[in-house]
Amino acid sequence: MQGKCIAILVPLLALAVALAQGMAAPQPQAVSQASVEVFFDQCREGWIRYKDYCYEYKEQQQYWYVAEQQCRRRDGHLVSIADEAENSFVAKLSYCENAWTGKYAVNVDKLHQPDNYRWTDNSVSPNGYHTHDFSSISSIHQPLISVHNLSLVNNVYHAKQRYICKAKYQDNGGGQNRTCDPGWKLVGNFCYLMPKIEVTFIEATFYCSGRGASMVSIYTKQELRALSLLDLDSRGCPVQTWVGLIKVNPCRIDFSTGEKICYKWADRLVDFHNDFPAWHPGYPDTGDKVNCVLLQDRAMKTVECHERHRFICKKQARQNS
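Counting from 240, one number per residue, gives the positions in the sequence shown under the numbering used here.
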């Protein structure tokens, strides 16, 4: 283990030196400015724009130093966090799970001092903003910082974690060929709306239907990630919302595969094959009264339909003429 730590520490220190040298239903409320500034189709594929930057969440776990090098190859750095709004965005982007940031300690003997830390992109947080949880520090071997929910926590050199890259947004001058109604967010070919009200599943269905939409279905990882970023006004996780998954009662057998089909997506009446999104452990509940489905972060669970939760409507985007 000691040899592994030294192997990682050497390039890490080299990087630190380089950086130090200068490298009819209730109407939804108005969408917040933070939400307006999230765009899903203005950066390179797999990246999401927030204000003047593009962000990419990487599922593959890496050492901190390797993750920083990967971000540099994409013309960016590990993510820096300037203020409370960006902190909330980063938390939701990572599903509030551990992910490397670009923050590191200059001196391992001063890990409890806020002014001992730097960002790999050399940015400076205005007014000294930080959410650093110094209580997580147990030794001098934790100079590298990851984000967990809304807090920054210290970690060791040899830990492998998911990570977030951040790069300056470049306007390529290309316009969108699809549009949405005001307040709706464009993701791919579809528009999404997350009203700021909590309702039953049936009420949510009527609300979406009245706007020419359906309760949200989820077919891609990009779509799943976008849902967690539709509302940045609420801080932290979990993001809980109704999804348009309908229980088939009784279940039927798909004779081509032998699979038992118990749910369909409401918008296309497409069979749900229990593969994506995943169920939370212990779900789905097979009880007769538990017929509706709630998305909680990146996985789903079954609940009773009369419960009140946030929800998301989805409809086809309009083609620009």
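Calculated from the structure, these hints are not laboratory results. Misleading hints may appear alongside valid ones.
Pairs of lysine to aspartate or glutamate, DMTMM-like flavour, derived with a Cα cap of 20 angstroms [stated by the list, open to error]:
| # | residue 1 | residue 2 |
| --- | --- | --- |
| 1 | 297 | 336 |
| 2 | 503 | 462 |
| 3 | 486 | 546 |
| 4 | 407 | 322 |
| 5 | 290 | 372 |
| 6 | 503 | 514 |
| 7 | 290 | 322 |
| 8 | 499 | 462 |
| 9 | 486 | 410 |
| 10 | 528 | 514 |
| 11 | 290 | 546 |
| 12 | 460 | 360 |
| 13 | 554 | 514 |
The following label-pair restraints were derived from C-beta to C-beta distances [as the list claims (entries may be wrong)]:
| # | residue 1 | residue 2 | range |
| --- | --- | --- | --- |
| 14 | 421 | 380 | 49 to 57 angstroms |
| 15 | 355 | 493 | 52 to 60 angstroms |
| 16 | 355 | 510 | 24 to 32 angstroms |
| 17 | 290 | 487 | 37 to 45 angstroms |
| 18 | 512 | 367 | 16 to 24 angstroms |
| 19 | 555 | 354 | 22 to 30 angstroms |
| 20 | 472 | 354 | 27 to 35 angstroms |
All C-beta atoms, glycine included, are put in the ideal place defined by N, C-alpha and C.
Each hint tested on the structure:
| no. | hint | in the structure |
| --- | --- | --- |
| 1 | 297 - 336 | holds (12 angstroms) |
| 2 | 503 - 462 | holds (18 angstroms) |
| 3 | 486 - 546 | holds (16 angstroms) |
| 4 | 407 - 322 | holds (17 angstroms) |
| 5 | 290 - 372 | violated (26 angstroms) |
| 6 | 503 - 514 | holds (13 angstroms) |
| 7 | 290 - 322 | holds (12 angstroms) |
| 8 | 499 - 462 | violated (25 angstroms) |
| 9 | 486 - 410 | violated (44 angstroms) |
| 10 | 528 - 514 | violated (23 angstroms) |
| 11 | 290 - 546 | violated (35 angstroms) |
| 12 | 460 - 360 | violated (28 angstroms) |
| 13 | 554 - 514 | violated (23 angstroms) |
| 14 | 421 - 380: 49 to 57 angstroms | holds (51 angstroms) |
| 15 | 355 - 493: 52 to 60 angstroms | holds (59 angstroms) |
| 16 | 355 - 510: 24 to 32 angstroms | violated (55 angstroms) |
| 17 | 290 - 487: 37 to 45 angstroms | holds (43 angstroms) |
| 18 | 512 - 367: 16 to 24 angstroms | violated (50 angstroms) |
| 19 | 555 - 354: 22 to 30 angstroms | violated (51 angstroms) |
| 20 | 472 - 354: 27 to 35 angstroms | holds (31 angstroms) |
The structure does not agree with the numbered hints 5, 8, 9, 10, 11, 12, 13, 16, 18 and 19 stated previously, though it agrees with the rest.
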